[in-house]
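> Here are the chains, one letter per residue:
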Amino acid sequence: MSDTIPITVDFAGGLEKLFGDQRRHSVSLPARDSNGRPANVAFLADYLCKNLMTDPRTDQLLEDKHIRPGILVLINDADWELEGEEAYEIQPNDNILFVTTLHGG
Amino acid sequence: MGQDTGNHNGANGASVAENSAQDGLARRLTEEEFDRYSRQMIVPGMGKQGQLRLINSRVLIIGAGGLGCPAAQYIAGAGVGTIGIVDGDVVEMSNLHRQVGHATSRIGMKKVDSLISHLRGLNPLPTYIAHPFHLTPQNAADIISQYDLVMDCTDNPATRYLISDVCVLLCRPLVSAASVQKSGQLIVLNCPPTPQGLVDGKYAPCYRCCFRKPPPPSSMVSCGEAGIMGPVVGMMGVAQAGEAIKILASALHIPSQNTENGPERNLQQPTLLIYTYDLDSAVGPYSFRALKMGGRKKNCFACGENSTLTLEGIKAGNPNYEQFCSIPTASCNLPPEERITAAAYHAAKEKGELPEHILLDTREKEHFSFGSIDGAVNLPFGKFLMKAAAVKRGGGSARDILPPEVVDTDAPIFVVCRRGLDSQETVAKLKELGLDKGGKRKIMDIAGGMKAWKEEVDPSFPFI
Chain A
1 MSDTIPITVD
11 FAGGLEKLFG
21 DQRRHSVSLP
31 ARDSNGRPAN
41 VAFLADYLCK
51 NLMTDPRTDQ
61 LLEDKHIRPG
71 ILVLINDADW
81 ELEGEEAYEI
91 QPNDNILFVT
101 TLHGG
Chain B
1 MGQDTGNHNG
11 ANGASVAENS
21 AQDGLARRLT
31 EEEFDRYSRQ
41 MIVPGMGKQG
51 QLRLINSRVL
61 IIGAGGLGCP
71 AAQYIAGAGV
81 GTIGIVDGDV
91 VEMSNLHRQV
101 GHATSRIGMK
111 KVDSLISHLR
121 GLNPLPTYIA
131 HPFHLTPQNA
141 ADIISQYDLV
151 MDCTDNPATR
161 YLISDVCVLL
171 CRPLVSAASV
181 QKSGQLIVLN
191 CPPTPQGLVD
201 GKYAPCYRCC
211 FRKPPPPSSM
221 VSCGEAGIMG
231 PVVGMMGVAQ
241 AGEAIKILAS
251 ALHIPSQNTE
261 NGPERNLQQP
271 TLLIYTYDLD
281 SAVGPYSFRA
291 LKMGGRKKNC
301 FACGENSTLT
311 LEGIKAGNPN
321 YEQFCSIPTA
331 SCNLPPEERI
341 TAAAYHAAKE
351 KGELPEHILL
361 DTREKEHFSF
371 GSIDGAVNLP
381 FGKFLMKAAA
391 VKRGGGSARD
401 ILPPEVVDTD
411 APIFVVCRRG
421 LDSQETVAKL
431 KELGLDKGGK
441 RKIMDIAGGM
451 KAWKEEVDPS
461 FPFI
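Protein chains in written order, with UniProt numbering: chain A, 1 to 105; chain B, 1 to 464.
Bear in mind the hints are in silico, worked out from the structure with no lab data behind them. Among the hints, a few may not be true.
Claimed, not checked - Residues of chain B placed beyond 10 angstroms of chain A at every Cβ, according to the derived structure:
(1) R39
(2) L125
(3) F133
(4) D142
(5) D155
(6) A177
(7) Q185
(8) A239
(9) A282
(10) V283
(11) D400
(12) I401
(13) S460
(14) I464
Claimed, not checked - Below 20 angstroms or equal to it, Euclidean Cα-Cα: the simulated EDC-like pairs (lysine to aspartate or glutamate) are:
(15) B/K202 with A/D79
(16) B/K383 with B/E432
(17) B/K213 with A/D55
(18) A/K17 with B/E425
(19) B/K182 with A/E63
(20) B/K213 with A/E63
Claimed, not checked - For each label pair, taking beta carbons as the anchor points, the in silico distance ranges come out as:
(21) B/L198 with A/N40: 28 to 36 angstroms
(22) A/P69 with B/E350: 45 to 53 angstroms
(23) B/G197 with A/A78: 24 to 32 angstroms
(24) B/S460 with A/T4: 55 to 63 angstroms
(25) B/G394 with A/K65: 17 to 25 angstroms
(26) B/K48 with A/N40: 51 to 59 angstroms
(27) A/A78 with B/D400: 40 to 48 angstroms
A quick note: this is a predicted structure, and the numbers were derived from the prediction, not measured. Ideal placement from N, C-alpha and C gives every residue a C-beta, glycine not left out.
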């Protein structure tokens, strides 16, 4: 199997500011983490913080190594809890969207 | 609570839509109603029945701002029989670019009164009820219980969780929207409403099922701080009205007696609509996204199977919504000797007691462009942090990311921001970069930022 997975990662609700003000990114994600396990959403989030985030404030995405409260993760436009949350294994051509919940009005 | 009795027949307070089937849904429309609502009644699916359901419905709009104004216009225009509006604020000039139910001539008036006067001009038939105060844990159930459907048009997470919790306990459907800067969100919750604790089978989620915990306060921005584009929040408010009208006209909030023969009315897995607006590109394929959300959660704090949430508890302060939404976060707190008040800085400068120094203003360039303290150099905080982190990671020096006059002298540095938080972090970062030259060079924070400057020094300063 190939050693990277092509995916698109989207940011919305203000999170794009952490990623060079760019909303859509094509990412070649390593297919396996450092322990040889298939790449899942938790690994993706960590990978994004280390490789794609231009803002140093990683706590705006992760808190104690988990996606922080107030951020929704959508896997191919469905809430990640329908897909297994952080344990969901990334598939080729997946679209992963990170969006903050808004409160203004 | 001010009450104004409108001219609709059949909407005289007898509560929810189930009851109104007998008394209200069989009557004739008046000539005015027929004329006024004809264009929407001829839309397939609406008809006279849909219109009479609207006329017999009671809708509560919480928040008379950027969402509530456009939402209320369409709710009133469509002929919903009783419309309640909750808001404790007064109209301000800075509201008017988006809060289209108010007017320049009504600045200073209670928002609920201003909006109701606008709505009455649009449609005098509905009964309008003013609740001219903020929703609180103490008054929420009494107010919400008077209505069939609730629209959350508020601007803060504590009230959003409160509204959802009370809607769960009173079995009311909730149409919720939010918007800030260039983004908007919309979702229909608790529809059809299901009693708390029922989790077998598929039931609609509440706000907590979808948004279990609020974001940390440090990441939350309000429209006052981050700004808001009028059409973005307006679009979300109009969409809210659209959802509410649909629910009431088609009775989607009343569980179908015979689901097998009924039309497809599966709302248990709602859609979260998100709208992203871009100031520098045309509308694109991802401007709107419709996201599939999960149903009711077994372990939900409010509607789940072991929930202990009650109306009495809420009234007595349990849960504590303010605390839930303001989990303390580590914030930078400089010692007093590294801080100076805006007034003291100004006085020292006026008296010539300040040596030649550098004043850094860390607000975003949009804010800086409206005005700054004489001699200030703009160093936008977000970009500075990024560059400082790059230096820390990849080597390089402060000279690569700061103007030479900042790096190559020993002149003291003063840092000012909007409200006094970013500036403290900037002071700490500048020291990390070695600019304090081992303590020889003073780096000071102007406490309270430009807000304090306006309050203590220059009341005419255009603080935004």
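> Give a verdict on every hint.
Hints and how they fare:
| no. | hint | verdict |
| --- | --- | --- |
| 1 | R39 | 29 angstroms, holds |
| 2 | L125 | 27 angstroms, holds |
| 3 | F133 | 18 angstroms, holds |
| 4 | D142 | 23 angstroms, holds |
| 5 | D155 | 4 angstroms, violated |
| 6 | A177 | 7 angstroms, violated |
| 7 | Q185 | 5 angstroms, violated |
| 8 | A239 | 13 angstroms, holds |
| 9 | A282 | 14 angstroms, holds |
| 10 | V283 | 13 angstroms, holds |
| 11 | D400 | 16 angstroms, holds |
| 12 | I401 | 13 angstroms, holds |
| 13 | S460 | 28 angstroms, holds |
| 14 | I464 | 16 angstroms, holds |
| 15 | B/K202 with A/D79 | 16 angstroms, holds |
| 16 | B/K383 with B/E432 | 16 angstroms, holds |
| 17 | B/K213 with A/D55 | 24 angstroms, violated |
| 18 | A/K17 with B/E425 | 19 angstroms, holds |
| 19 | B/K182 with A/E63 | 25 angstroms, violated |
| 20 | B/K213 with A/E63 | 13 angstroms, holds |
| 21 | B/L198 with A/N40: 28 to 36 angstroms | 33 angstroms, holds |
| 22 | A/P69 with B/E350: 45 to 53 angstroms | 47 angstroms, holds |
| 23 | B/G197 with A/A78: 24 to 32 angstroms | 26 angstroms, holds |
| 24 | B/S460 with A/T4: 55 to 63 angstroms | 58 angstroms, holds |
| 25 | B/G394 with A/K65: 17 to 25 angstroms | 24 angstroms, holds |
| 26 | B/K48 with A/N40: 51 to 59 angstroms | 54 angstroms, holds |
| 27 | A/A78 with B/D400: 40 to 48 angstroms | 44 angstroms, holds |
Going down the numbered hints, you'll see the structure goes against 5, 6, 7, 17, 19, while the others check out.
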